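Trainee: Residue numbers (this note's numbering), protein chains in the order written: chain X, 1 to 269; chain Y, 1 to 269.
It should be emphasised that the hints constitute simulated quantities derived from the structure, not laboratory data.
Predicted model only: the values in this text are computed from it and were never measured.
A couple of the hints might just be wrong.
[To be verified] Calculated cross-link-like contacts (lysine to aspartate or glutamate; reagent style EDC-like; alpha-carbon spacing at most 16 Å):
id : chain 1 : residue 1 : chain 2 : residue 2
1  : X       : K130      : Y       : D229
2  : Y       : K66       : Y       : D191
3  : Y       : K104      : Y       : D177
4  : X       : K130      : Y       : D177
5  : Y       : K202      : Y       : D229
6  : X       : K66       : X       : D191
7  : Y       : K130      : X       : D81
8  : Y       : K130      : X       : D229
9  : Y       : K221      : X       : D81
10 : X       : K66       : X       : E48
11 : X       : K202      : X       : E226
12 : X       : K104      : X       : D177
13 : Y       : K104      : Y       : E117
14 : X       : K221      : Y       : D191
[To be verified] Label-pair restraints from in silico Cβ distances:
id : chain 1 : residue 1 : chain 2 : residue 2 : range
15 : X       : Q62       : Y       : G135      : 30 to 36 Å
16 : Y       : I230      : X       : P175      : 36 to 42 Å
17 : X       : P148      : Y       : K221      : 33 to 39 Å
18 : X       : Q195      : Y       : D229      : 40 to 46 Å
19 : X       : P134      : Y       : E169      : 43 to 49 Å
20 : Y       : D162      : X       : P199      : 29 to 35 Å
21 : Y       : P170      : X       : E161      : 22 to 28 Å
22 : Y       : G153      : X       : G156      : 51 to 57 Å
23 : X       : F139      : Y       : G153      : 53 to 59 Å
24 : X       : M110      : Y       : Q137      : 55 to 61 Å
25 : X       : Q195      : Y       : G153      : 32 to 38 Å
26 : Y       : K245      : X       : H86       : 49 to 55 Å
27 : Y       : D58       : X       : F139      : 44 to 50 Å
Here a beta-carbon is modelled for each residue, glycine too, at the ideal position from N, C-alpha and C.
Number of protein chains: 2
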Amino acid sequence: MQHAIAILDSGVGGLTVVKEIMRQLPQEKIIYFGDTARSPYGPRPADEVRLFTRQIVDYLAQFAPKMIVIACNTATAVALDDIRRHVGIPVVGVIHPGARAAIKSTRSGMIGVIGTEGTIRSGAYEQALKRISPGLQVFSLACPRLAPFVERGLFGADEAEDVVRSSLEPIMNVPMDCLILGCTHYPFLADAIGQVMGPGVKLISSADETAREVSAILYHKGLLSESADIPLHQFFCSGDPALFKQIAQTWLSEQISITPVIWQVPNIV
Amino acid sequence: MQHAIAILDSGVGGLTVVKEIMRQLPQEKIIYFGDTARSPYGPRPADEVRLFTRQIVDYLAQFAPKMIVIACNTATAVALDDIRRHVGIPVVGVIHPGARAAIKSTRSGMIGVIGTEGTIRSGAYEQALKRISPGLQVFSLACPRLAPFVERGLFGADEAEDVVRSSLEPIMNVPMDCLILGCTHYPFLADAIGQVMGPGVKLISSADETAREVSAILYHKGLLSESADIPLHQFFCSGDPALFKQIAQTWLSEQISITPVIWQVPNIV
């Protein structure tokens, strides 16, 4: 039996992490849970996000995963430490990998961060960045409209750039040299964000960087897949399976050998 | 007392890792050992490189480091597993971080690797890459002239591009999209290598990537420095201290607060 990497998110945003793990670690089996019925997590109180995250982790325990990836910045910001204490397997969040990548990337020491209200309010990126390198300047901005826009499947729509532009207006002229996409939904909008911020600002995808860190931790823990079989991934969501399936298939389209199995998850209020 | 990161290399190449750790982890204290008297390691038999690496690690143990970084690809290729068994602290090599970065970077799946004879002969990069992603195509080339050229302090010389060009000739037209600088000496020659390979080939510095992975592992192990003091680094070399000091100061010049203390290390034959 091949033990899977369990990946969870408030909805479809964590699929950006899934896509990168499929690309960077093609032999690893993935079990994904998108809590689409209760998305977005961004505006919710921290205690509620912690409770929801714990419920999903307990649900996923039945599959005996070898690692848990909290592929949601809001949940990472408020629930990572709790989940680490709760389970006996490695738990990877999406905030520190993005912070480390920004530190590697920046030359000016001026770093932007965009995320949900919950992520920005927590100050988690600023803490992660300054814990490592106290001299950095960090510019944070909550963009509450972006994740719900992606959840509605509208990331390819004409109005995407308008929504992105009005959201980013407050930091458009800040002299940063990199911008952390501090919400796993944002890579869906990366083209529009890049257009608005211009070529002088490198976008750091917490999704891409997390996939790479998952690879490093599996290696250091001796947990890389030994199987030569093509892994059969499984997808779960708590809300409308048709919309989830449509977004997942659009986003993961270049990938082969996926069998999306979308279930209604019971017992989660 | 602030426990240091101990970094070792056959000579000055590991200073590329030092520079990146100083930049990415400015609060961490570094102890560096360059085995300049016995450089280069590349042409030496694997058993000899293993012995030398073990001697240096035993020498550095007196400083009670919190982590060992084998900042030499040749030594990583043949001695990493031995050193991991030998010490009770985390040991980071330079091969896997570069391999993971190349996997994250490549779009075509065609990856080049240049290194010493010892590194290329070991097949360590190809194994690391294909262990994670078996479908990759890897083009490996030994460049025995490059590391000794850097050790002589000639990386800024006019002939640098000629030496690089003639070394890289066999892979200049290979359709790779990234090239791993699989020797920590090669970032000294990155400008010339970039000129020769052209803008379509992204250079992956195992030094930069290792610094980032050191950051990740210190975080996951709870070993990040708690000290707010400016760290006082220490440098040791087994050969000519004047040449070592000159190269180190040239390479690390943008950095402040360094006090290079260059010692002759006794009892190493």
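Trainee: Are the hints correct? Go through all of them and say.
Mentor: Okay, the hints, checked on the actual structure:
Distance restraint check for X/K130 and Y/D229: the Cα-Cα separation of roughly 15 Å lies within the 16 Å cut-off, and the hinted pair is therefore satisfied. Using a Cα cut-off of 16 Å, the hinted pair Y/K66 and Y/D191 is violated, with the two alpha carbons roughly 34 Å apart. Proximity of Y/K104 to Y/D177 is assessed by CA-CA distance (about 12 Å); at most 16 Å being required, the pair is judged to hold. Distance restraint check for X/K130 and Y/D177: the Cα-Cα separation of roughly 34 Å exceeds the 16 Å cut-off, and the hinted pair is therefore not satisfied.
For a cut-off of 16 Å, the pair hint linking Y/K202 to Y/D229 is broken: about 37 Å separates their Cα positions. Our distance criterion of 16 Å between C-alpha atoms is broken by X/K66 and X/D191, whose separation comes to about 34 Å. Distance hint between Y/K130 and X/D81 is unfulfilled; the C-alpha atoms sit about 34 Å from each other, more than 16 Å. Taking the CA atoms of Y/K130 and X/D229, the gap is about 15 Å. The hint holds against a cut of 16 Å.
Of the supplied pair hints, the one linking Y/K221 and X/D81 holds, its CA atoms being roughly 14 Å apart against a limit of 16 Å. Distance check on the hinted pair: X/K66 and X/E48 sit about 26 Å apart at the alpha-carbon level, beyond 16 Å; violated. For the hint linking X/K202 to X/E226, the alpha-carbon distance of about 36 Å lies beyond 16 Å, and the restraint is violated. Note on X/K104 and X/D177: the hinted pairing holds, with a Cα-Cα distance of about 12 Å set against a maximum of 16 Å.
A hinted pair counts as satisfied when its Cα atoms are at most 16 Å apart, and Y/K104 with Y/E117 does not qualify at roughly 26 Å. Taking the CA atoms of X/K221 and Y/D191, the gap is about 36 Å. The hint is violated against a cut of 16 Å. The given range of 30 to 36 Å is respected by X/Q62 and Y/G135, whose C-beta atoms sit roughly 32 Å from each other. Remark: the range hint 36 to 42 Å for Y/I230 to X/P175 is contradicted by a beta-carbon distance near 27 Å.
The hinted range of 33 to 39 Å is satisfied by X/P148 and Y/K221, whose Cβ atoms lie roughly 37 Å apart. Taken as a hint, the range 40 to 46 Å holds for the pair X/Q195 and Y/D229, whose Cβ atoms sit roughly 44 Å apart. Judged by the Cβ atoms, the range 43 to 49 Å given for X/P134 and Y/E169 holds: they are separated by roughly 46 Å. Between Y/D162 and X/P199, the C-beta spacing of about 34 Å keeps the proposed range 29 to 35 Å intact.
Against the hinted window of 22 to 28 Å, the Cβ-Cβ separation of Y/P170 and X/E161 comes to about 46 Å, which falls outside the hint. For the hinted restraint 51 to 57 Å between Y/G153 and X/G156, the CB-CB distance of approximately 55 Å keeps it satisfied. The hinted window of 53 to 59 Å between X/F139 and Y/G153 is violated, with their beta carbons roughly 41 Å apart. Evaluation of the 55 to 61 Å hint for X/M110 and Y/Q137 yields a failure: the beta carbon distance comes to about 39 Å.
Between X/Q195 and Y/G153 the CB atoms are about 46 Å apart, so this pair departs from the stated range of 32 to 38 Å. For Y/K245 and X/H86, the hinted distance range of 49 to 55 Å is satisfied, since their beta carbons lie about 52 Å from each other. Remark: the range hint 44 to 50 Å for Y/D58 to X/F139 is upheld by a beta-carbon distance near 47 Å.
Of the numbered hints given earlier, the model fails hints 2, 4, 5, 6, 7, 10, 11, 13, 14, 16, 21, 23, 24, 25; all others are met.
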